[in-house]
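Visitor: Protein chains in written order, with my numbering: chain A, 1 to 382; chain B, 383 to 510.
Quick caveat, the hints were computed from the structure, so don't treat them as lab data.
Among the hints, erroneous ones may be present.
As the list claims (entries may be wrong) - A few chain B residues facing chain A, derived, Cβ under 8 Å:
1) N404
2) N414
3) Y455
4) L459
5) T469
6) G499
7) I500
8) E508
To be verified - Which residues of chain B face chain A? A partial, calculated answer using Cβ under 8 Å:
9) Y395
10) V398
11) G496
12) G504
No residue lacks a Cβ here, since even glycine has one placed at the ideal position from N, Cα and C.
Listed here are the chains, written in short residue letters.
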Amino acid sequence: MRRVAVVGIGQSRFGELWEKSFRDIVIEAGVEALEDANISGEEIEAIYVGNMSGGRYLAQEHIGALIADYSGLAELGIPSVRVEAADASGGVAFREAYLAVASGLYDVAIAAGAEKVTDVGAELAIDIMSSSADREWEYFVGATLPALYALIARVHMKEFGTKEEDMALVSVKNHKNAVKNPKAQFRREISVDDVLRSPYIAEPIKVLDSAPISDGAAVVILASDEIAKKLTDTPVYVSAVTQASDYLSLQSRKDLASFKAVKMAAKKAYKLAKIEAKDVDVAEMHDSFTIAEIIAYEDLGFCEKGEGAKMIREGETEVGGRIPVNVSGGLKACGHATGATGVRQIVDLVRILRDGIVDAETGLALNLGGTGATAVVSILRR
Amino acid sequence: MLPRFWRKIKYRYRLVGSYCENCGEYYHPPRNLCPKCRRKGSIKEVPLGSEGTILSYTVVHDAPDDFKLQKPYVVGLVKLDCGAVVTAQICCKPEEVEIGKRVRAVFRKYSEEGEDGIIYYGTKFELI
Numbered sequence: 001m002r003r004v005a006v007v008g009i010g011q012s013r014f015g016e017l018w019e020k021s022f023r024d025i026v027i028e029a030g031v032e033a034l035e036d037a038n039i040s041g042e043e044i045e046a047i048y049v050g051n052m053s054g055g056r057y058l059a060q061e062h063i064g065a066l067i068a069d070y071s072g073l074a075e076l077g078i079p080s081v082r083v084e085a086a087d088a089s090g091g092v093a094f095r096e097a098y099l100a101v102a103s104g105l106y107d108v109a110i111a112a113g114a115e116k117v118t119d120v121g122a123e124l125a126i127d128i129m130s131s132s133a134d135r136e137w138e139y140f141v142g143a144t145l146p147a148l149y150a151l152i153a154r155v156h157m158k159e160f161g162t163k164e165e166d167m168a169l170v171s172v173k174n175h176k177n178a179v180k181n182p183k184a185q186f187r188r189e190i191s192v193d194d195v196l197r198s199p200y201i202a203e204p205i206k207v208l209d210s211a212p213i214s215d216g217a218a219v220v221i222l223a224s225d226e227i228a229k230k231l232t233d234t235p236v237y238v239s240a241v242t243q244a245s246d247y248l249s250l251q252s253r254k255d256l257a258s259f260k261a262v263k264m265a266a267k268k269a270y271k272l273a274k275i276e277a278k279d280v281d282v283a284e285m286h287d288s289f290t291i292a293e294i295i296a297y298e299d300l301g302f303c304e305k306g307e308g309a310k311m312i313r314e315g316e317t318e319v320g321g322r323i324p325v326n327v328s329g330g331l332k333a334c335g336h337a338t339g340a341t342g343v344r345q346i347v348d349l350v351r352i353l354r355d356g357i358v359d360a361e362t363g364l365a366l367n368l369g370g371t372g373a374t375a376v377v378s379i380l381r382r
Numbered sequence: 383m384l385p386r387f388w389r390k391i392k393y394r395y396r397l398v399g400s401y402c403e404n405c406g407e408y409y410h411p412p413r414n415l416c417p418k419c420r421r422k423g424s425i426k427e428v429p430l431g432s433e434g435t436i437l438s439y440t441v442v443h444d445a446p447d448d449f450k451l452q453k454p455y456v457v458g459l460v461k462l463d464c465g466a467v468v469t470a471q472i473c474c475k476p477e478e479v480e481i482g483k484r485v486r487a488v489f490r491k492y493s494e495e496g497e498d499g500i501i502y503y504g505t506k507f508e509l510i
């Protein structure tokens, strides 16, 4: 496998983009990435696009072809592949594009992620989001996606003494970070009290513990080392992109207080990148619900098992702390455009490393599908 | 949804699951292949018993349309005495539910598909 770099990044704003269509936001992000990389369409050899549920949100399938068409790349006959892994679709699309370039098959490839959610009502949107868990044996009994994360949270609270206040701190931190991100959905600070006073969705998870449902698109352009050196003086190298699976439904898992797929993907990623958890300087994580970020600290090896809550309490993951997490605002405050999120995390990680938003050399991104049946870990270095 | 529901009625109405004769593990929902033994496994259909212990629970306040009339309702993970775990509603008041409490399976209505649609029944649990 050869060295691969990210040479261009772009993204639309995340949020309720009533005035924009699915194709509008994809093209907006794509054009920004091409300008950032300073390349034109002719150099691109393949597109991988993460999209969770075009079929149900828009009644539009064949998303790969749609994007190739509106980006002008169908004119050139460029192959386009849609990738689906619930809200890990973007992360998996990034991995596919990375593997295609690393293997030598292509010199330049695009990884995109896009979701248009607000064309359906909130009720249906939650129903669609809940399709990322087991439809027949979880959702059937009324176990929505927040309810399933609540079951996980309750076990973590019982085993390790994690409190609702600790989860609230994750939300407070991520909102604070989003203030500085012009592409974020919620650019305003909130307090621990605001979170604790917000209504329960599924106890102990409250409205302000949960990422919003957002529209958004993100695009990164990957190139071989050779091409990257010609294009830019500041390439960000991809040291590893790994993926692991777990049982789809919680009832089949042995340990409910951790995500097995995260542990496995992280272990492989550290090995490939020849680093340890302590070498990571900054991370973008999948805080679809605040408990997921706390558990991720542990599963990624940033602290001992059961000490995730202590990490947030002591401010270790704030900007200026030992490992700043979700400098972008995370899914909670930047927004969660399901299929776009995994690519958006890479866009932000590259931005952070390249522009020196925090002092960091090595960054990690963790993207989860559903309740963690898919996990993707990416390690980037400047 | 009708054929999809009807196919699994046997496993929804009663707690019937799978048992692997090779590794001795019980599974719910039923599986055609033992995830531990794969080709070496030998799956048999068995009743899973009706009593167990609450592993985790949540009180759902923001519910989909199908469950609107029931909210707030309790969803739990119940570890049956054979070892298989079931995701199901627990018929009790939100303040009564606790991790570790013993429960027994009961046959209850879950939801219905509108006024003229079919009624979905299944297994819930009640506190012992």
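Visitor: Each of the hints needs a verdict: does it hold here or not?
Guide: Taking the hints in turn, this is what the structure says about them:
1. N404: With Cβ-Cβ at 18 Å, over 8 Å, it is violated.
2. N414: Since the shortest Cβ distance to chain A is 14 Å, the answer is violated.
3. Y455: OK, holds: Y455/B within 8 Å of chain A, min 6 Å.
4. L459: Result: holds, 6 Å to nearest chain A Cβ.
5. T469: Since the shortest Cβ distance to chain A is 5 Å, the answer is holds.
6. G499: Status violated, d = 15 Å.
7. I500: Violated - the Cβ of I500/B stays beyond 8 Å from chain A, reaching only about 13 Å at its closest.
8. E508: violated (15 Å)
9. Y395: Since chain A brings no Cβ nearer than about 13 Å to Y395/B, farther than 8 Å, the hint is violated.
10. V398: Violated - the Cβ of V398/B stays beyond 8 Å from chain A, reaching only about 13 Å at its closest.
11. G496: Hint on G496/B: violated, closest Cβ of chain A at ~15 Å, above 8 Å.
12. G504: holds (7 Å)
Taken one by one, the earlier hints fail for this structure at numbers 1, 2, 6, 7, 8, 9, 10 and 11, listed in ascending order.
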